[in-house]
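Once you've looked at the hints, dock chain U against the given chain R.
2 protein chains.
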Amino acid sequence: MSLFSPLTKSSENPVLFAKYKPKVQAYRDALAAGILDEYKLPDELIPKKDGVDVTVIPKKFLSESEFAITESSGTDLVKKISKGELTAVEVFKAFAKRATAAHQLTNCAMQLFVDEGLQRAKELDEYFQKTGKTVGPLHGLPVSLKEHYDYKGKVTHAGYAVWVDRVTDDWALTVKLLSEAGAVFYIRTNEPQSLMHLCSNNNIVGLAKNPNNTSLTTGGSSSGEGAMAAMKGSVFGLGSDIGGSIRCPAGFCGAWGLRPTQKRVSMRGVASACTGVQEGVCCVLGPLAHSADDINLFMSAVIGGKPWERDATVIPLPWRKVSEPNIKNLTVAICYDDGVVKPTPPIIRGLKLAASKLKAAGATVVEWEPIEVEKLIATCGSMYNSDSASDQLTALGASGEPLAELTKVALSFGCGEKGTTTQEYQRLAFTRDTYRDKYQDTMSEKGIDFILTPVYVSVAAKPETVHYWGYTNLWNLLDLPNVVFPTGLKCDPALDAPDKTYKARSDVENYEYALYDDADEFKGAPINLQLTGRRWFDEELVKASKVVQAVISS
Amino acid sequence: MSLFSPLTKSSENPVLFAKYKPKVQAYRDALAAGILDEYKLPDELIPKKDGVDVTVIPKKFLSESEFAITESSGTDLVKKISKGELTAVEVFKAFAKRATAAHQLTNCAMQLFVDEGLQRAKELDEYFQKTGKTVGPLHGLPVSLKEHYDYKGKVTHAGYAVWVDRVTDDWALTVKLLSEAGAVFYIRTNEPQSLMHLCSNNNIVGLAKNPNNTSLTTGGSSSGEGAMAAMKGSVFGLGSDIGGSIRCPAGFCGAWGLRPTQKRVSMRGVASACTGVQEGVCCVLGPLAHSADDINLFMSAVIGGKPWERDATVIPLPWRKVSEPNIKNLTVAICYDDGVVKPTPPIIRGLKLAASKLKAAGATVVEWEPIEVEKLIATCGSMYNSDSASDQLTALGASGEPLAELTKVALSFGCGEKGTTTQEYQRLAFTRDTYRDKYQDTMSEKGIDFILTPVYVSVAAKPETVHYWGYTNLWNLLDLPNVVFPTGLKCDPALDAPDKTYKARSDVENYEYALYDDADEFKGAPINLQLTGRRWFDEELVKASKVVQAVISS
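Protein chains in written order, with full-length UniProt numbering: chain R, 1 to 554; chain U, 1 to 554.
Note that these hints are calculated values from the structure, not bench results. Check each hint, because a few of them may be wrong.
Same chains, same names: a pair is fine if it fits in one copy or spans any two.
Unchecked claim - In silico lysine-lysine, DSS-like type, Cα no more than 25 Å apart, as pairs:
{"hint": "1", "residue 1": "Lys503", "residue 2": "Lys357"}
{"hint": "2", "residue 1": "Lys306", "residue 2": "Lys49"}
{"hint": "3", "residue 1": "Lys152", "residue 2": "Lys438"}
{"hint": "4", "residue 1": "Lys438", "residue 2": "Lys306"}
{"hint": "5", "residue 1": "Lys306", "residue 2": "Lys321"}
{"hint": "6", "residue 1": "Lys438", "residue 2": "Lys418"}
{"hint": "7", "residue 1": "Lys375", "residue 2": "Lys49"}
{"hint": "8", "residue 1": "Lys438", "residue 2": "Lys342"}
{"hint": "9", "residue 1": "Lys546", "residue 2": "Lys446"}
{"hint": "10", "residue 1": "Lys446", "residue 2": "Lys306"}
Predicted model, so just to flag it, every value in this text is computed and none were measured.
Bound-form chain R, shown alone (with noise of 0.2 Å):
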């Protein structure tokens, strides 16, 4: 088996796709439209060139409470609104503005119709000072969606071109959920086509840019989730991760994220090309947020609204209350090479300061051994492709569209085009069962409660560059939970020079290694770590990532 299989079908056909132009300029205009004048931020405070970190730019504009709202976490806005002291209404401008002020300047959104927004906000003030309760825990909370999860009324078109004028006619439940629980909704955010890049290019609206460093990739593929949470344009938002999706704009933007363990979340009504369910790895939803706090409010409020009752795929496992764990009672396994594409230095730097700060809390830190990464990454990638991509062309050739760079990565993952047969998909099945209880024994014999890891390779990549997803997709496999968080770190040029002596050990390792290889272009970037738990076990995970992350960032 191998990491890739290069793709050689094309979907594309420029005449056909000729007719889709119109309807994708009308899509981009109507977002263009949405940025309406009570929320913009000035054109004088938009750089003029990239390279730039536009994460500074809000307190510029804000007003001084706007800022403090927007400052806030989720649970404390909550309880404000609660008490009545602050409306909906006062919360949501000021994040109307901020996600405007996001978007404009890094191409966030794929829809913006803040109207509704400050309508459904309206609504819950009047609810509360009519009745003195909130309708749920996330009453007033300004939410943000990528774009591929239904939407009543709106186009959903999960990145392809030929969905661009597609109206969903009902709800995804997760939103649903999320909407009964008093979240309001504004914004769906960009997203690369295919909604399998680490990265964010599409033929809708195009590519996201880092708020740390605007030459810089979001990451994707919840990419405009990722410039969103940099920007705090939103409390949380809610991304949807089969490979690394939440994680790596998590990651590469400097936030948190989840990736729940699957069927915890539902998955009902989040649009994809599958005409079939490839169950091999699943896609999982989950929050990109500000903190752990903010996480563990989202997946209460989420699971709390019972979806197994509306979504037989879901487990009813309530999400449990439990308590931070001490520090000095962990053991927390830190991978410092995954044995196929070795981190650079500005992770290895943040990976050693985790573990020196980890220590000297009193933490037992050991160093976790790889199991047979590429083996598991070959596997991961020939289940997304196997049903020869064909779902997938399909969607695309519908359209004709160009295919993005990064598209013909994702199909060439694994056994690509070529696909696997039926009784070769129940062996990857196999394989991946084996290893799902070879990394839990390990980690039961070896008394480990976590591991720690790089989230990629390397900090925010270059658009369009990131080809090996090892570091995230490993864990879609085994269907271990993680938690992204920030280490305060950034990549700093003094500190993290490339190692241009170092010897590749493969042909992917010396492409995606390579990558970084001037550390003045990736300044700014943050330097972000995941940590990974038992599976199902969320709640200990989000508790504990609260703790190591304090530890670290101190």
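The following block gives chain U in isolation, referenced to the frame of chain R:
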């Protein structure tokens, strides 16, 4: 999609199989040698012909106290042992006698090792005498095991002649958990070739007989467990079910059986021909027992052992304590016909009796309208054979053993030997998930708590005749849990004359319905029914089944 695609391939090889015959004979000799004089049923009590009810025989040779012990529930026995009112050895000897007789009368065993069971019972007694404590919630309970779970140091062949001398070197996890809870093992029970018959024939020890009428089949594939449950040769037994294999023998033999929701009971170390993981329809393990209370005891013990800590596929859903519902608060939907094969007169009699008793007791009774059953049964069958039945044909071909008639039928389900492409297979999973939602939504909309259906088209069938699994494997596909229970009724030629005027709607129905051709031949066959609940809510189902069965059998 069709229900059957006849098999044209053959894996038979008489020359090759000739080499296996001595090994098979050795296996049979060992089984015969397992009938120890101390426990043996006197020859004069063994009927000379079939068509006999042998459930009445144990009373004729067991002592009064042995009979009382073996008629007791597991719940009572463990209580008495834990109070010192009974010893594990006393309990064991009584069951060992009854189990040995069960085997002599029905051919229900594949391996008998009562000497090892006695030794284990002695050790448990010593532990209790020394510590005053039991080792766990099943301390001293004799438990029977279907053959195909790995058993350390013993042959595990899973119904394939090629493995008749394959010693497994570890325990299946669920067997280990039962042992850790205090269970005593002494018998591994009969199962059909390929594990895919609702009957029992195989080339190793041959057919098992139905204790209620020895001309009829026990059903399968937990065939020996069905006979053991009817004969009360164990407190309960561990069966497995991917299409009806717990429920059919429980139903045919007049016992209780639970097919729990998947991934609650560990499948680690369960042998089969599979070289891959066919996760479209998952096999599950569960108990055959004498009461709802004992099912509850079994599940609470097995899940209480936290299988998820040792098997990464198991979901950490603890076995919850729930109360018995008030019958007046229950809405039960009754299915009189699945639209594919109409049930025969004794089954209709059972359903009508159930309806009237439930109504009289205050339950709300409605009629269940079948939803696309034929399509779903074809989907399920195609999933079974999605690998072109390749793994099974390989395992069968490895010894060249003759194919049992019902093996040929099983290999013809759905797509049969043609198999599916990976895309087709994934689309079958899409169909499955669509209807999982559809069934759940229907139950929610109509306020239906439970669905009451036949277990099979008819009562226990003649050997090697059952082709249609729709009344059981529909629920495997949908993964809704089921309890099968006795109504107390038995097939009565005076009441249950075949309906020869019925015009079948299809060839499939024509064949299956006509199997019930002469009521005299089915005399004494139990009329069991099947109660189906919500996915994952096995606890509520078990409690409701107790209440519902009590009403129906009163």
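Here is how each hint holds up against the structure:
For the identical chains of this complex, Lys503 and Lys357 are neighbours neither inside a copy (30 Å) nor across copies (79 Å), given an alpha-carbon limit of 25 Å. For a Cα distance limit of 25 Å, the shortest separation of Lys306 from Lys49 qualifies neither inside one copy, at 47 Å, nor across copies, at 57 Å. Proximity of Lys152 to Lys438 under the C-alpha cut-off of 25 Å is restricted to the inter-copy arrangement: shortest distance 20 Å between copies versus 43 Å within a copy. In this assembly of identical chains, Lys438 and Lys306 lie within 25 Å of each other by CA distance solely across copies; the values are 17 Å between and 32 Å within a copy.
In this homomeric assembly, Lys306 and Lys321 come within 25 Å of each other (Cα to Cα) both inside a single copy, at 16 Å, and across copies, at 20 Å. Taking CA atoms no more than 25 Å apart as the test, Lys438 paired with Lys418 passes in neither setting, with 29 Å inside one copy and 34 Å between copies. When the C-alpha separation of Lys375 and Lys49 is checked against a cutoff of 25 Å, the pair qualifies neither within a copy, at 42 Å, nor between copies, at 59 Å. With identical chains, the CA atoms of Lys438 and Lys342 are at most 25 Å apart within one copy only, with a shortest distance of 23 Å there and 48 Å across copies.
For the identical chains of this complex, Lys546 and Lys446 are intra-copy neighbours only, at 23 Å inside a copy versus 44 Å across copies, given an alpha-carbon limit of 25 Å. In this assembly of identical chains, Lys446 and Lys306 lie within 25 Å of each other by CA distance solely across copies; the values are 19 Å between and 35 Å within a copy.
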